[in-house]
Amino acid sequence: MNPKIIVLDPSKCSKCDDCINKCAEIHGVSRIKKFNNIPIFCMQCETAPCKEICPVDAIYLKENIPIVDKEKCIGCGMCAIACPIGAIFVEEKVAHKCTLCLDVDRLTPACIEACKDNALKLVCDESLEIIKEEKRKKLIKIISEKFEEL
Numbered sequence: 001m002n003p004k005i006i007v008l009d010p011s012k013c014s015k016c017d018d019c020i021n022k023c024a025e026i027h028g029v030s031r032i033k034k035f036n037n038i039p040i041f042c043m044q045c046e047t048a049p050c051k052e053i054c055p056v057d058a059i060y061l062k063e064n065i066p067i068v069d070k071e072k073c074i075g076c077g078m079c080a081i082a083c084p085i086g087a088i089f090v091e092e093k094v095a096h097k098c099t100l101c102l103d104v105d106r107l108t109p110a111c112i113e114a115c116k117d118n119a120l121k122l123v124c125d126e127s128l129e130i131i132k133e134e135k136r137k138k139l140i141k142i143i144s145e146k147f148e149e150l
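Mapping of the sequence shown onto the UniProt record's numbering: position 71 corresponds to residue 71, and the numbering continues sequentially without gaps.
Hints were generated in silico from the structure; no laboratory data involved. Check each hint, because a few of them may be wrong.
In the DSSO-like style, the derived pairs of lysine-lysine whose C-alpha atoms are separated by at most 27 Å in a straight line are [what the hints assert, rightly or not]:
#	residue 1	residue 2
1	K116	K22
2	K22	K12
3	K135	K116
4	K22	K72
5	K116	K12
6	K135	K33
Taking the hints into account, I'd like the entire structure generated from these sequences.
Have a look at this one:
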């Protein structure tokens with residue numbers, strides 16, 4: 001996993017689309033996809049299947065984040081097919097994906113700044129592992145309590 005990814009807390013998300021609208025404002029098209037009305041963000045895969053499959057090497061790494069070179073991209077869609085979560089797409093013959101706003105030299109992704117619900121966080125590997133462990137412990141506790149009720 002890459003050092004940084006955007007994580008959504010769906011319990012805080014009001015589905016207002018402020019993140020999507022801000023992304024579109026900054027990049028001309030929103031790079032955030034929605035699934036069941038919930039924003040989906042690129043996981044910035046360490047192996048970057050989108051980069052590996054690109055036949056014209058239009059995807060390069062900047063700070064370990066895959067970035068699409070719009071000048072090189074031929075819009076073939078191979079990257080979109082290779083993406084395991086559907087976070088890259090082709091529109092107007094160019095591939096689009098979240099870059100954490102690195103390609104526009106922002107320190108904080110625009111979507112995070114726009115989120116009035118504080119549902120989005122930019123987290124590093126270590127923080128993500130802590131979040132996962134907390135969720136595991138919470139789930140184990142819930143399952144144990146339910147099991148005791150039986």
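- prompt: Is K22 close enough to K72, meaning Cα to Cα at most 27 Å?
  reply: Holds - the C-alpha atoms of K72 and K22 are around 26 Å apart, at most 27 Å.
field: K116 paired with K22 [C-alpha distance capped at 27 Å]
entry: holds, 12 Å
field: Satisfaction of hint between K33 and K135, Cα-Cα up to 27 Å
entry: holds, 25 Å
query: Going straight from one Cα to the other, do K116 and K12 come out at no more than 27 Å?
result: Status holds; Cα separation ~10 Å.
- prompt: Is the straight-line distance between the alpha-carbon of K22 and that of K12 27 Å or less?
  reply: Distance of about 18 Å is within 27 Å: holds.
query: Would the pair K135 and K116 pass a check requiring their Cα atoms to be no farther apart than 27 Å?
result: Holds - the C-alpha atoms of K116 and K135 are around 24 Å apart, at most 27 Å.
Every hint from the earlier list agrees with this structure, and none is contradicted.
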